[in-house]
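These protein sequence lines are chains R and Y, in that order.
If you're matching positions, the first sequence starts at 1 in the working numbering and goes up one per residue.
If you're matching positions, the second sequence starts at 440 in the working numbering and goes up one per residue.
Hints in this document: simulated from the structure, not taken from any laboratory.
Hints are not guaranteed to be accurate.
As the list claims (entries may be wrong) - Only some residues are given here: those of chain Y computed to face chain R with a beta carbon under 8 Å: (1) Val474; (2) Ala476; (3) Leu480; (4) Gly481; (5) Ala482; (6) Gln522; (7) Arg524; (8) Ser525; (9) Asp527; (10) Glu528; (11) Leu530; (12) Glu531; (13) Trp532; (14) Arg546; (15) Gln550.
Unchecked claim - Listing some non-contacts, in silico: residues in chain R with all C-beta distances to chain Y over 12 Å: (16) Val200; (17) Thr331; (18) Met362; (19) Asp371.
Note that the structure is predicted; figures quoted are calculated from it, not measured.
C-beta: ideal position from N, C-alpha, C; glycine also.
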Amino acid sequence: MRSPSTRARDEAFAIDTATAEAHRAIEAIWRIESARLIAGLTRTVGDIGTAEELAQDALVAALEQWPTSGVPERPGAWLMGTAKHRATDLTRRRKTLERKYEELGRDTERDQQVEDLDASIDEDVGDDLLGLIFMACHPVLSKDARVALTLRVLGGLTTEEIARGFLVPVSSIAQRIVRAKRTLDEAHVRFEVPRGAERVARLGSVLEVIYLIFNEGYSATAGTDWVRPALCEEALRLGRILAELVPTEPEVHGLVALMEIHASRLGARVGPSGEPILLLDQDRALWDHLLIRRGLAALERAERLGGAMGPYALQAAIAACHARAATAAETDWPRIVALYDAVAQLAPSPVVELNRAVAVGMAFGPAAGLDLVDALVAEPSLRAYHLLPAVRGDLLRKLGRSAEARSEFERAASLTENVVERKLLERRAAECAAEGMAG
Amino acid sequence: MRVLVLAKEGAQTDAAAPPRPEAMAEYQKFNEELVKAGVVLGAGRLSPSSQGKRVRFEGKKRTVIDGPWAETKELVAGYWLWQVRSLDEALEWLKRAPYDGGTFEVREISQHEGA
Numbered sequence: 001m002r003s004p005s006t007r008a009r010d011e012a013f014a015i016d017t018a019t020a021e022a023h024r025a026i027e028a029i030w031r032i033e034s035a036r037l038i039a040g041l042t043r044t045v046g047d048i049g050t051a052e053e054l055a056q057d058a059l060v061a062a063l064e065q066w067p068t069s070g071v072p073e074r075p076g077a078w079l080m081g082t083a084k085h086r087a088t089d090l091t092r093r094r095k096t097l098e099r100k101y102e103e104l105g106r107d108t109e110r111d112q113q114v115e116d117l118d119a120s121i122d123e124d125v126g127d128d129l130l131g132l133i134f135m136a137c138h139p140v141l142s143k144d145a146r147v148a149l150t151l152r153v154l155g156g157l158t159t160e161e162i163a164r165g166f167l168v169p170v171s172s173i174a175q176r177i178v179r180a181k182r183t184l185d186e187a188h189v190r191f192e193v194p195r196g197a198e199r200v201a202r203l204g205s206v207l208e209v210i211y212l213i214f215n216e217g218y219s220a221t222a223g224t225d226w227v228r229p230a231l232c233e234e235a236l237r238l239g240r241i242l243a244e245l246v247p248t249e250p251e252v253h254g255l256v257a258l259m260e261i262h263a264s265r266l267g268a269r270v271g272p273s274g275e276p277i278l279l280l281d282q283d284r285a286l287w288d289h290l291l292i293r294r295g296l297a298a299l300e301r302a303e304r305l306g307g308a309m310g311p312y313a314l315q316a317a318i319a320a321c322h323a324r325a326a327t328a329a330e331t332d333w334p335r336i337v338a339l340y341d342a343v344a345q346l347a348p349s350p351v352v353e354l355n356r357a358v359a360v361g362m363a364f365g366p367a368a369g370l371d372l373v374d375a376l377v378a379e380p381s382l383r384a385y386h387l388l389p390a391v392r393g394d395l396l397r398k399l400g401r402s403a404e405a406r407s408e409f410e411r412a413a414s415l416t417e418n419v420v421e422r423k424l425l426e427r428r429a430a431e432c433a434a435e436g437m438a439g
Numbered sequence: 440m441r442v443l444v445l446a447k448e449g450a451q452t453d454a455a456a457p458p459r460p461e462a463m464a465e466y467q468k469f470n471e472e473l474v475k476a477g478v479v480l481g482a483g484r485l486s487p488s489s490q491g492k493r494v495r496f497e498g499k500k501r502t503v504i505d506g507p508w509a510e511t512k513e514l515v516a517g518y519w520l521w522q523v524r525s526l527d528e529a530l531e532w533l534k535r536a537p538y539d540g541g542t543f544e545v546r547e548i549s550q551h552e553g554a
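Kindly generate the complete structure, drawing on both the sequences and the hints.
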């Protein structure tokens with residue numbers, strides 16, 4: 001028979017296990033519910049900061065109560081109800097305070113807020129979510145601030161998780177989020193779903209944020225990881241949600257298509273020892289064909305909505321050319337050149353020109369590509385861009401000019417901050433050196 | 440992470456009895472919610488095992504066995520392919536499904552390195 005103390009310990013352990021299990025469930029529920037919760041509350045109280053605090057209060061209450069009471073049947077409604085309660089308290093407290101300061105104008109506003117509270121909870125959550133997305137991605141905020149705030153309030157990520165994703169100190173992310181909320185407040189940014197011309201511009205800002213998150217995960221700009229898939233998944237999820245919220249916006253589908261197709265290569269672009277494998281060298285059997293199908297379907301939707309010439313749809317169309325080719329040799333390079341022509345007309349930039357030069361090199365021979373790249377060498381904005389010498393080195397190598405190619409690869413290696421990419425470029429340089437000896 | 444959610448035949452899908460319209464509506468509402476949350480990558484309902492075939496491998500020999508099969512509780516009637524952030528998230532979603540009977544199985548799909 002076990003001693004009473006052992007039994008007590010076992011019981012305590014059983015409780016701990018149950019608590020840990022409940023906490024895991026709560027964490028999962030939080031991930032599911034937090035965006036809707038914060039969105040509904042922001043509509044009610046007007047600012048993301050307060051809404052998030054209220055939502056956090058509700059989370060704390062859940063962590064205190066659910067391990068013993070069990071998870072309620074409708075956890076989302078429970079969290080909203082709890083937060084709403086606190087919101088009413090808070091609004092009353094603020095009202096009293098403001099009455100003291102005789103802020104009559106704002107007072108009426110607050111009165112209205114209490115009344116709005118009930119109405120707002122049961123309204124279409126889709127509009128709430130959209131309002132929150134537009135607010136968190138408001139152009140008044142810097143890109144970094146938009147990204148951090150979006151991941152926090154829409155992705156339900158903790159400050160620590162965001163910091164880990166972007167390899168920056170936790171305190172920087174925390175500060176970014178605090179400052180972002182303050183900026184929104186000071187600029188009196190309203191919780192709304194913009195219409196007409198403003199909507200187009202604001203939507204552009206939202207798409208930019210989602211794509212930034214995706215790219216940060218897809219081609220980590222610094223550090224030892226080549227990809228951070230969690231960020232890609234988060235961006236994809238946000239994109240898919242947005243596509244459901246605004247199904248008639250072609251560029252949203254264009255962006256989703258672009259991300260789905262790029263994400264389809266995640267399993268193929270890293271070798272066994274973590275080294276990057278470039279697109280044309282990838283084993284296409286490792287591509288995720290489910291994501292490719294989804295990407296092509298999203299692209300088709302964008303085109304059907306008349307958005308074939310949108311910047312994201314065009315990039316997706318280029319990615320689709322690769323996705324459709326069973327082998328690298330079957331790639332429709334002339335079509336890719338044509339698509340880059342369209343991109344260059346829409347948004348001319350040296351980086352686009354560089355990509356176009358690569359496609360021209362593939363479609364019409366390395367000499368034609370090199371002519372275009374050479375024209376970009378003097379471009380000031382590309383002076384520190386490692387891909388310029390990398391592309392140039394590649395074309396020179398194909399033309400048999402190994403010595404020149406080698407110094408270009410070496411230059412590219414010295415310019416990249418990504419450790420893994422640097423190794424790849426150094427290997428290219430070494431290969432050119434060997435070729436030079438042989439020739 | 441990607442998970443496969445399997446509905447076991449003993450569960451709700453009895454091919455002989457089509458689901459009530461209200462049940463269908465509830466199911467559709469739930470499925471819509473999943474799609475709107477960016478969770479669903481794919482879904483499908485399987486035709487009854489009486490129309491299914493099995494292939495048994497024994498060395499070089501292949502034997503085709505016609506359905507239906509006896510172990511009804513283990514038969515898959517339908518599936519969902521979900522993108523979630525954790526197995527716990529999948530469980531929380533699944534618990535919200537509007538079914539009043541049956542068993543559902545959640546299995547993580549293992550991905551190759553780097554995926």
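Those earlier numbered hints the structure runs against, lowest number first: 5, 14
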